[in-house]
Structure formats: structure tokens, C-alpha cells
Amino acid sequence: MDGTFVIVGAGQAASQAVDSLRREGFTGRMLLVGDEPELPYQRPPLSKKFLAGELDRERVYVRPRSFYEQNHCELLLGRRATGLDRVGHTLTLDDGTHLHYDKLLLATGSRPRLLRIPGAELGGVHYLRSLADVDAIRAEATAGKRAVIVGAGYVGLECAATCVKLGLEVTVLEMEDRVMSRVVAPEMSVFYTAEHVAHGVRILCNTLVSAFEGTGRVGAVVCRDGSRHPADLVIVGIGIVPNQELAQQAGIACDNGIAVDDRCRTSDPCVFAIGDCCSHPSHRYGRRIRLESVDNAFEQAKTAAANLCGKDVVHDKVPWFWSDQFDLKLQIVGLSQDYDQVVLRGDPAAKAFSCCYLRAGELVAVDAVNDARSFMGAKKLIAERAHPDPARLADLTVPIKESVAA
Amino acid sequence: MTRLVYVEPGGNRREIDALDGLSVMEVALLHNVQGIIATCGGSCSCSTCHAHVDPEWVERLDPPDDMELGTLEAAPGHDATSRLTCQLRVAPTLDGLVLHIPAKQA
Chain A
494 MDGTFVIVGA GQAASQAVDS LRREGFTGRM LLVGDEPELP YQRPPLSKKF
544 LAGELDRERV YVRPRSFYEQ NHCELLLGRR ATGLDRVGHT LTLDDGTHLH
594 YDKLLLATGS RPRLLRIPGA ELGGVHYLRS LADVDAIRAE ATAGKRAVIV
644 GAGYVGLECA ATCVKLGLEV TVLEMEDRVM SRVVAPEMSV FYTAEHVAHG
694 VRILCNTLVS AFEGTGRVGA VVCRDGSRHP ADLVIVGIGI VPNQELAQQA
744 GIACDNGIAV DDRCRTSDPC VFAIGDCCSH PSHRYGRRIR LESVDNAFEQ
794 AKTAAANLCG KDVVHDKVPW FWSDQFDLKL QIVGLSQDYD QVVLRGDPAA
844 KAFSCCYLRA GELVAVDAVN DARSFMGAKK LIAERAHPDP ARLADLTVPI
894 KESVAA
Chain B
1027 MTRLVYVEPG GNRREIDALD GLSVMEVALL HNVQGIIATC GGSCSCSTCH
1077 AHVDPEWVER LDPPDDMELG TLEAAPGHDA TSRLTCQLRV APTLDGLVLH
1127 IPAKQA
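The listed protein sequences correspond, in order, to chains A and B.
The numbering used here runs 493 ahead of the 1-based position in the first sequence.
The numbering used here runs 1026 ahead of the 1-based position in the second sequence.
Bear in mind the hints are in silico, worked out from the structure with no lab data behind them.
Hints may contain errors.
Said to hold, decoys possible - Mimicking DSS-like on lysine-lysine, the simulated pairs with C-alpha atoms at most 27 Å apart in a straight line are:
(1) A/K844 - A/K822
(2) A/K541 - A/K844
(3) A/K658 - A/K822
(4) A/K822 - A/K894
(5) A/K873 - B/K1130
(6) A/K844 - A/K894
(7) A/K658 - A/K804
(8) A/K894 - B/K1130
(9) A/K804 - B/K1130
(10) A/K844 - A/K658
(11) A/K810 - B/K1130
(12) A/K638 - A/K810
Generate the whole structure from the sequences, applying the supplied hints.
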């Protein structure tokens, strides 16, 4: 397979695509365009070890520069794609460059959802998505400072844990009635709230932020309920939105992200999309989903590369996610929405347990805390659409794979 | 510097002077060693950085903890010589370590 392939985006999906395309036998010209002036890097460490100052910058990159050279991939970094001409097969960049493509791979990722309230432009109000964001936060996140974190999702809680480690006084403000409401069931929210509180984090749910106060720099966070929280530093983590605009403006179908099929193809046969920026049909869950995970980025990159090189591979992997907070490793496999039964496997007091979610007897998701065995075993069970026996499932001494009724 | 030897799937030997403090997985990626995938970036969540160590090294290395053992269960072909390279930290005690990278990762 040859010709010119252009990859738009320089995140983890794009980086894996470079690897996968060459492995699948693509011998043509490959270009990668990214709007950050950085090699593709890993985002998960940004709210954890990198924010904590425990990881040198070079260790954040997915691959060294030599990887792109060895794979004959031309890097156009610090350049933004501004227009797509699907008839002329041309991608236009912000510096006026026109790139011709035979096939286009959109891996444009997502961007932080912005909190558009009074005071949002004050100094000291940060989002956490890029290396540059974390560079800025690290300069201000010093011991004794008061950090107010808006949002109790992965980013918010991971930042809270890291800021505690750095010696800051931390308050988390969450508008929903529990933490991590997008990704875990109420049982897990209760556990995580207790853990954060035990580490000195103030968590306030049902609290909607309405304004940032200050002159030049933020000094306090004001909420709809009238409460006022002094702050030296604010980190906002209220979710991400897919970067679908380039595709949308070019007339490519979008639906909660760039709409692809189960082969990562968009409505244009020469354009594929992968990772955070796209939505795809899930046979397993019977609906179109958009996943925000490294694993999805990697798996869709591999699927798209195979299909771009003439194979016919269906993307049908069980999604999984992880989050490190304090001494807790949370590993999640499957999507737990629509469960009708929860089975607690092990004892939360032991801080090594799993929450298992079933729907009509089928295991659909597992949230594992310091329980890698259950997490890894569950990946297989969920892929097989297993119906475990709840009594055996609840028993941590029974390997999870053996919980399936013989 | 600590000398590590990675035997790639297919038999190619890569002898690498590794910086102390990095994980054996990170060193592999930095030097574009084939067969180490590292989807989860070293978070002990995927098993795709799996490698076999030479048998005499099994006792010489710090033993795997429960998290690593649990994750290793998902690695195709895992056995008593299996380690997750993201959990091995480069130090002078690892000088001369030989790692065999499997043909297939999870």
C-alpha cells in the first residue's frame, strides 16, 4: 500500500497509527501534523507523576524522535490544520501550507470543556490538558497554597491527590451529587470520597461554581449556593469535547464526535478517524459511544491502520480505563451504565476490592481497586459476555474467571 | 549506566546502556526495541510490556508484587520467568540482564 497518508493530530492515537501503518505494510509517504510544538506525549501522567514533579519531560513522550525517523514519518509540529478540501484531497495548515493526501487519518483528540463564568480569564485559573498547562500549574502549585479544583472526575480527583502530595490545601467542588459520576457507580463514589476526605481533601458535591473573584489573579471561587472559597490556584476539570470542527466544516458526518463505523471509516471513504475525536458504534453496548481512553486511542489506531492497508478489521474491543489516586489503583473494564445488579467482590475496608456490574446476569463492567487480578480476569469475562454466579463473584478468594457457573 | 540485553521477537539482540532510574520498559521504547508495546504507559494495567528474563535472573530480581502478578496473568505465554518490564527499575544490580520479548503481547 503506498501513496501519501496524512495524520492530523499528534497525540497517543496518532503515535500508535505511525507504528501500526508501517507494521501493516504501508510503504508510502507519511506526514503527521500537530498543533502543539511537542512530539506526541502521554496525557495520563500530566495529572499524576508529571504534575508531582516525579517524571522528567523526556519520559512523557510516547516515542523518541528517532522512532518517527525510523518509521519515515515527517513531523509538522506546532502547525494547526485549518481547512479540509475533500474533493481536492488537500489539507490546509495555519501557515498556508497545502498538503495533498491520498488517505487522511483524523486523530485530532479533544479539548477541555471551558467554564464560561465571570472571572474565567483571571490569572491562576488553569485547565489541565497539555504539557504547557502543567508547566504553568507546577509553577504555582507549591506547599501551603490553597487549591480549588472544579470538577470531581478523573482529572479533578487525580489533581487533588497530587496537590495533597505537594503540600497544598485542597478543596474540590463538584456540581453533581457524587464524585466521578460519569464513570463509576454510586458505591465507588462513596469509597473514593471517603479516601480523599481521609487525606484531608474537602469535597463539596451539589456545588455549582458561578464566578471567580479577584483582581488580575483569582482570589476566591464563588458558588451558586452563595459559598465562597479562597483560592491561590484553581484547576478546572469539567470534561472534554471532541475536536470535530475540521471534519464538520468539510461536511463529514459528526455525532458526538466525528462519526465513524466499526472500521474507523468516516462518511468520506478516504478519511478515517480514531481516538478521542470520534464516536463509533458499539455492538456490545448497542449504541454509539465516544470513549476517552488511551486504550481506545491505541486500538482504533491499529484497526484503522489495518483497514487503510486493505484489510477488513472490525473494532470491537472491551473498553478499559485506569486512574491512580493516592495509594489506590482504580482499573475499570467495561461500561457500567444500564446495570441492574451490583456485586461487591472483597471488602472496601481492605482497600483491595472490586465492584462488579451485571445486566440481566451478564457481567458488563468491573471497577477494581488495587485488584489487578479481578481487573485482568474481568477483561476476558466481559469479552466473552459471561454470566458469573454472583455468590462466587463476591468471593475474592475465588479467581474471577472461575466465578462463571460450570 | 547499566547494560541490558533485549532479545527481540525473531532473535535480534539489542545491547543497550540504560540510564539508572528508568524502567526497563522505558529504556526499550527509547531505543525502539521491537515487541514492547506499553499501552498503559507503565501503569501495570495492560501486560503488553511483558518479557521473559533468563532463568538465573528470576531469583536475582526483586520479586513481583501482587499487582504485577495479577496483570501478568493476561500476558500470552506467561510463565515463571515472566516480568512486566514497566515494573523493573534500572539499577547497577540489573547489569547484564537478558530479556526475551515474546512474539505476541496481549
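- Query: Are the Cα atoms of A/K844 and A/K658 separated by 27 Å or less?
  - Reply: holds (19 Å)
- Taking 27 Å as the top limit, are the C-alpha atoms of A/K894 and B/K1130 close enough? Satisfied, since the Cα-Cα distance of roughly 22 Å is no more than 27 Å.
- With a cut-off of 27 Å on the C-alpha distance, tell me whether A/K658 and A/K822 pass. holds (16 Å)
- Query: Are the Cα positions of A/K844 and A/K894 separated by 27 Å at most?
  - Reply: holds (21 Å)
- Message: Against the 27 Å threshold, does the CA-CA distance of A/K804 and B/K1130 hold or violate the hint?
- Response: holds (20 Å)
- Satisfaction of hint between B/K1130 and A/K810, Cα-Cα up to 27 Å: holds (17 Å)
- Query: If you draw a straight line from the CA of A/K844 to the CA of A/K822, is it 27 Å or shorter?
  - Reply: Measuring from Cα to Cα gives roughly 10 Å; hence the hint holds.
- Hint consistency between A/K873 and B/K1130 [alpha-carbon to alpha-carbon, up to 27 Å]: holds (17 Å)
- Query: Given the hint that A/K658 pairs with A/K804, does the C-alpha gap stay at or below 27 Å?
  - Reply: violated (48 Å)
- Is the straight-line distance between the alpha-carbon of A/K822 and that of A/K894 27 Å or less? holds (21 Å)
- Message: Next pair to validate is A/K638 with A/K810; report whether the Cα-Cα distance is within 27 Å.
- Response: violated (43 Å)
- Message: What's the verdict on A/K541 and A/K844, does the C-alpha distance respect the 27 Å limit or exceed it?
- Response: Distance of about 20 Å is within 27 Å: holds.
Violated hints, in rising order: 7, 12; the structure is consistent with all others.
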